[in-house]
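Peer 1: Make the full structure from the sequences, and use the hints.
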Amino acid sequence: MSLFIIVLLPFLGALLPGLMIRAGRQVCYTTTMLVTGAAAIGLATHAPAILRGETVTAKLDWLPGLGLNANLFLDPLGFMFAALILGIGLLIVAYARYYLSREDNMGEFYVYLLLFQGAMVGIVLSDNILLLLIFWELTSLSSFLLIGYWKHLPEGRQGARMALAVTGMGGLALIGGMLLLGQIAGSYDLTVILERRGQIQDSPLYLPALLLILLGCFTKSAQFPFHFWLPHAMAAPTPVSAYLHSATMVKAGLFLMARLWPVLSGTPEWTALVAGAGLLTMVLGALIAIFKHDLKALLAFSTVSHLGLITFLLGTGTAFGAMAAVFHILNHASFKAALFMSAGIVDHEAHTRDMRRLGGLRKLMPITFSIALLAGLSMAGIPLLNGFLSKEMMLEEATHTTLFGSPMLVTVAATVGALFSAAYSFRLIAHTYFGPERDDYPSHPHDPGAGMWLPPGLLIIPVVVIGLFPALAEPFVKLVTGAVIGNAAELPDAHLKIWHGLVPALWMSVIAVIGGALLLMAFRPLSKAWEAAPRPEAKAIFDDVIAGSVALSRGLTQRLHDGAFTRYAAIMVVTVVAIGAHAWFTGTAGLPTREMLPMTPIAVVAWAMLIAAAAFLVAAHRNRLAVLILMGIIGLMVSVGFNHFSAPDLALTQISVEVVTIILLLLALNFLPNRTPAESGAPRRIRDGVIALSGGAAAAGLIYTILMSDFPLGTISDYHLANSYKGGGGDNVVNVILVDFRGFDTFGEIIVLGIAALVIYALTETLLSSKVRARLLNRGYETEQAGDAHPLMMVVLTRVMMPVVLMVGVYIFLRGHNEPGGGFVAGLVVAIAVVMQYMASGFAWAARRQRYPYHGIIGAGVLVAGLTGIGSWFAGVPFLTSAFGYFRIPPMQEFELATAMGFDLGVFLAVVGAVMLSLESFSRLARRQDTEDSEYAMDIDPSRGAELVPGRAKEEN
Amino acid sequence: MIDLSLYVALGMVGLAQLMAMVRLVIGPDTGDRILALDTMVINAIGLIILGGAIWGTQIYFESAMIFAMLGFVSTVAIARFVLRGDIIE
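Chains as they are written, first to last, in the UniProt record's numbering: chain Y, 1 to 957; chain U, 1 to 89.
Hints in this document: simulated from the structure, not taken from any laboratory. Keep in mind the model is a prediction, meaning the values are calculated, not measured. Where is the CB? At the ideal position from N, CA and C, for every residue including glycine. One or more of the hints may lead you astray.
Said to hold, decoys possible - Ranges between beta-carbon positions, derived for each pair:
hint: 1; chain 1: Y; residue 1: GLN785; chain 2: U; residue 2: LEU35; range: 14 to 22 angstroms
hint: 2; chain 1: U; residue 1: LEU35; chain 2: Y; residue 2: MET892; range: 56 to 64 angstroms
hint: 3; chain 1: Y; residue 1: ALA847; chain 2: U; residue 2: LEU35; range: 42 to 50 angstroms
hint: 4; chain 1: U; residue 1: PRO28; chain 2: Y; residue 2: ASP718; range: 51 to 59 angstroms
hint: 5; chain 1: U; residue 1: ALA68; chain 2: Y; residue 2: LEU556; range: 48 to 56 angstroms
hint: 6; chain 1: Y; residue 1: THR586; chain 2: U; residue 2: ALA68; range: 50 to 58 angstroms
hint: 7; chain 1: Y; residue 1: GLN785; chain 2: U; residue 2: PRO28; range: 58 to 66 angstroms
hint: 8; chain 1: U; residue 1: ALA68; chain 2: Y; residue 2: LEU60; range: 55 to 63 angstroms
hint: 9; chain 1: U; residue 1: PRO28; chain 2: Y; residue 2: THR566; range: 47 to 55 angstroms
hint: 10; chain 1: U; residue 1: LEU35; chain 2: Y; residue 2: PHE874; range: 23 to 31 angstroms
Stated by the list, open to error - Some, not all, of what chain Y presents toward chain U, calculated at C-beta under 7 angstroms:
hint: 11; residue: ALA612
hint: 12; residue: GLY632
hint: 13; residue: LEU650
hint: 14; residue: LEU652
hint: 15; residue: VAL659
hint: 16; residue: ASN670
hint: 17; residue: PHE671
hint: 18; residue: VAL805
hint: 19; residue: LEU806
hint: 20; residue: GLY842
hint: 21; residue: SER923
hint: 22; residue: LEU925
hint: 23; residue: ALA926
Unchecked claim - Footprint (simulated), chain Y over chain U, 3 or more residues, beta carbon under 8 angstroms:
hint: 24; region: 5 to 16
hint: 25; region: 27 to 34
hint: 26; region: 40 to 53
hint: 27; region: 56 to 67
hint: 28; region: 74 to 86
Peer 2: Here's what the structure looks like:
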């Protein structure tokens with residue numbers, strides 16, 4: 001099966017559980033199993049090749065210009081991780097089937113789980129590091145959804161947010177690190193990067209890249225000091241904890257460290273950072289775990305500790321360390337997932353996870369007990385179980401490692417870590433299962449059905465089998481180790497064995513186990529001392545940091561952006577003028593090189609009127625309606641000006657935009673008082689006046705300079721003029737720029753336009769049911785209202801105009817490619833034609849005759865534009881490349897058709913929809929409960945004879 | 001001769017435009033201002049058409065047509081606002 005399909009299967013399959021849940025829980029569960037199973041089978045088909053030592057690749061160029069190729073490759077390391085993800089995934093899916101209660105939405109759970117699974121498989125199979133980053137972020141997002149799955153629990157939501165904040169921050173750092181790495185290596189393909197060890201380690205950017213990448217790995221894998229999120233993520237349902245927080249996601253950081261091991265490891269920085277952090281995390285996590293009473297909290301901190309152990313092994317930078325790390329990843333995944341699931345069973349049956357309320361479950365739940373016992377002893381490092389083997393290798397490695405100049409430090413710390421580890425493992429078993437049976441369990445516990453204990457039971461098989469016959473695992477572990485170390489080191493000549501002779505590691509192990517047992521015996525007094533000792537509370541610190549940064553950014557934004565438009569306009573103008581002045585005085589501007597145009601009297605008149613209107617606007621600015629009228633005048637003069645200076649496109653657009661703006665503002669003015677109250681004193685007005693004048697003077701000066709001098713490098717318009725017909729098949733340069741040269745920008749713009757209209761719609765929808773609206777509607781009008789709501793004159797006039805305006809719209813649209821016009825102007829014109837009907841005959845009357853919702857029209861527009869763009873792919877050219885040709889249908893003359901017209905149609909539809917949706921939303925706000933929906937187009941209609949007034953007509957009927 | 005008359009017409013429409021502007025400024029009430037705006041739109045159409053005749057381009061006439069077709073919508077909208085408050089009811 002192609003690697004692409006393996007990665008895509010969980011993503012595509014994620015659609016299914018959400019739909020299948022309607023057919024029942026069993027169907028939903030079976031579907032999820034099938035999806036995961038299919039991916040697992042797909043992976044298994046590659047197993048023979050992988051075991052032969054081959055690498056499977058799948059290549060697809062995505063954005064080669066950015067170095068982003070969707071290349072996948074499967075080597076033994078990726079295979080091991082993918083097998084863990086999909087294999088344990090199957091068990092978790094089965095376990096969750098019985099774990100989730102009837103109240104939980106199982107479909108939603110499986111959707112998230114499959115999304116996570118796909119993202120995780122994506123990480124381990126990516127060949128391109130940019131692609132890897134995308135999957136990396138996806139795991140953060142999907143784990144956020146999974147941790148917060150129980151939305152009603154505040155701990156779940158807080159834990160999810162914390163996990164997202166920490167891993168998301170790490171993800172950002174990782175992006176920086178990976179980009180640096182790609183820059184150094186000159187490629188973003190892992191297979192290439194892994195060959196460039198010398199080049200990367202000699203680079204001055206090695207250290208920053210290393211720091212950023214490690215930040216990403218440490219946050220993901222919960223290494224000190226970022227370990228605190230993992231215990232809080234335990235608010236998730238247990239299947240999630242078992243899957244994400246023990247077996248897979250937290251190992252993504254380890255995976256990345258292992259993946260980049262050949263190029264990053266071996267330097268003193270690497271050893272100090274990675275081995276140091278790993279060692280510290282191992283000891284600290286194990287220490288805290290001992291004193292946790294919650295089963296899952298204990299397991300969470302023990303996971304932190306074991307992740308630290310693996311990090312330490314990778315950090316030593318030796319091939320033996322890498323081999324031990326690989327082996328422990330396998331072992332830890334098996335026994336820890338089993339332990340989590342057994343803890344979930346206890347929780348499920350006894351309704352508590354608090355060890356102080358448990359104990360004596362040995363006889364009550366014999367099956368669960370056996371599973372937990374074997375897995376727990378493996379975690380403690382007892383011989384004949386797999387945990388012992390890799391822990392021995394870790395201790396062995398520790399005796400050979402020198403950190404911070406001290407050879408003993410590592411040995412002692414590793415022994416202490418192993419000792420603590422043994423202690424909490426023993427406590428987990430002793431305090432849950434041994435001791436006397438109690439009669440005060442919240443619910444009487446007994447073993448669950450096979451559906452729940454079988455998944456952890458299956459995981460115990462490798463725990464025991466590898467523990468007894470380590471040689472079975474040796475070829476595979478060595479194969480994976482070979483993939484980790486690449487050609488950076490020799491494969492170690494060591495074997496996986498139970499008995500290595502009386503080596504120091506064995507003595508350390510003996511000390512650890514005996515010490516752990518002793519620690520457990522002295523648990524009560526120690527626990528008291530621990531509770532009494534002051535400890536930093538990670539969540540409180542985290543909350544403080546978050547609150548602090550929120551306060552800081554809020555303080556900053558509030559000063560700049562306090563909701564008063566005058567404030568930010570002032571800040572913006574002052575900044576721009578200051579920067580402009582700096583540029584002006586430090587740069588060089590050429591002297592005027594152009595002649596002034598002759599001054600015609602008519603131009604002087606227009607100029608004088610513009611100035612007069614603007615000046616009067618300032619004087620009359622408190623009268624809102626007068627301002628609007630004056631804005632209309634200015635718009636009028638500007639459009640005449642555009643026309644005069646040979647910009648007919650702009651003139652057309654300006655005229656129609658003016659009309660729409662005035663209608664929109666009038667709709668808004670309906671809710672505002674007629675006059676703006678005076679709020680500022682004289683000093684402030686003087687200050688604002690100075691700012692405004694300096695801004696205006698600066699803009700005028702700049703425009704004068706630009707108009708009077710030639711561009712040093714020639715203008716872009718020459719290029720457009722020369723290429724518009726050749727490249728885009730149109731004579732109208734403005735339109736060709738919009739739909740062809742900058743077509744992608746236009747595509748983005750119509751999407752933004754549509755979003756803006758939808759936001760207006762959403763905001764008014766919220767307002768519709770709010771108190772604000774009630775208050776607005778209850779206000780009295782300042783002046784008396786005229787009687788005729790839908791006057792005859794206006795209705796007749798708009799009806800007559802409608803077809804004319806529509807036809808003009810079509811005309812402007814069709815000829816847009818070669819002459820002034822195009823989709824944008826046509827859209828505005830058509831929207832005005834429609835809005836006229838709304839104004840004349842009322843909202844209800846017009847809305848009843850409008851069959852297609854405006855949202856749909858916006859969507860159709862974006863879709864049509866997008867499809868036109870995609871269409872060019874079928875011709876084998878990039879997105880939105882346009883083609884054109886000439887056609888002749890007999891009775892007509894030859895005419896031109898360009899694909900750009902399809903795109904322009906999309907623009908047209910999006911503009912119509914967006915304008916109408918925002919106008920309609922505004923007018924919906926003003927409607928009252930008691931507004932009578934008129935059946936007739938006009939209030940007084942001579943043709944209705946006696947039924948002159950709708951009210952009277954009803955009475956007579 | 002035609003040129004001269006065109007220029008004279010242009011000047012007179014420009015003058016009318018200025019006077020409408022004066023009416024707009026002095027008011028005194030909103031009704032006057034709305035009428036001034038409407039007159040100015042009409043005058044603008046005149047200016048554009050005369051300009052088109054003088055400089056001999058047909059593009060001008062299209063803008064004039066759009067003005068004629070849509071210019072009244074703003075006037076009607078403002079008038080509705082003054083009369084009823086709500087322009088779409």
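Peer 1: State for each hint whether it applies.
Peer 2: Right, here's what the structure says about each hint:
1. Y/GLN785 - U/LEU35: 14 to 22 angstroms: 20 angstroms, holds
2. U/LEU35 - Y/MET892: 56 to 64 angstroms: 46 angstroms, violated
3. Y/ALA847 - U/LEU35: 42 to 50 angstroms: 32 angstroms, violated
4. U/PRO28 - Y/ASP718: 51 to 59 angstroms: 53 angstroms, holds
5. U/ALA68 - Y/LEU556: 48 to 56 angstroms: Hint holds: Cβ distance 52 angstroms, inside 48 to 56 angstroms.
6. Y/THR586 - U/ALA68: 50 to 58 angstroms: Roughly 51 angstroms apart at Cβ, these two residues keep to the hinted range, so it holds.
7. Y/GLN785 - U/PRO28: 58 to 66 angstroms: 22 angstroms, violated
8. U/ALA68 - Y/LEU60: 55 to 63 angstroms: At 57 angstroms between Cβs, range holds.
9. U/PRO28 - Y/THR566: 47 to 55 angstroms: 30 angstroms, violated
10. U/LEU35 - Y/PHE874: 23 to 31 angstroms: The hinted range 23 to 31 angstroms is violated for U/LEU35 and Y/PHE874, with Cβ atoms some 58 angstroms apart.
11. ALA612: Cβ of Y/ALA612 sits 6 angstroms from chain U, so the hint holds.
12. GLY632: 6 angstroms, holds
13. LEU650: 10 angstroms, violated
14. LEU652: It holds, given that the least Cβ distance between Y/LEU652 and chain U is near 6 angstroms, below 7 angstroms.
15. VAL659: 5 angstroms, holds
16. ASN670: Since chain U brings a Cβ to about 5 angstroms from Y/ASN670, closer than 7 angstroms, the hint holds.
17. PHE671: Not OK, violated: Y/PHE671 not within 7 angstroms of chain U, min 10 angstroms.
18. VAL805: At about 6 angstroms, which falls below the 7 angstroms cut-off, the nearest Cβ of chain U leaves the hint on Y/VAL805 intact, so it holds.
19. LEU806: 11 angstroms, violated
20. GLY842: Interface hint status for Y/GLY842: holds (6 angstroms vs cutoff 7 angstroms).
21. SER923: 4 angstroms, holds
22. LEU925: 10 angstroms, violated
23. ALA926: 5 angstroms, holds
24. 5 to 16: It holds, with 4 qualifying residues against the three required.
25. 27 to 34: This one holds; 3 residues, not fewer than the three required, reach chain Y with a Cβ under 8 angstroms.
26. 40 to 53: With 6 residues in contact (Cβ-Cβ under 8 angstroms with chain Y), the coverage given for the region 40 to 53 of chain U holds.
27. 56 to 67: holds (count 7)
28. 74 to 86: Check passed, 11 qualifying residues.
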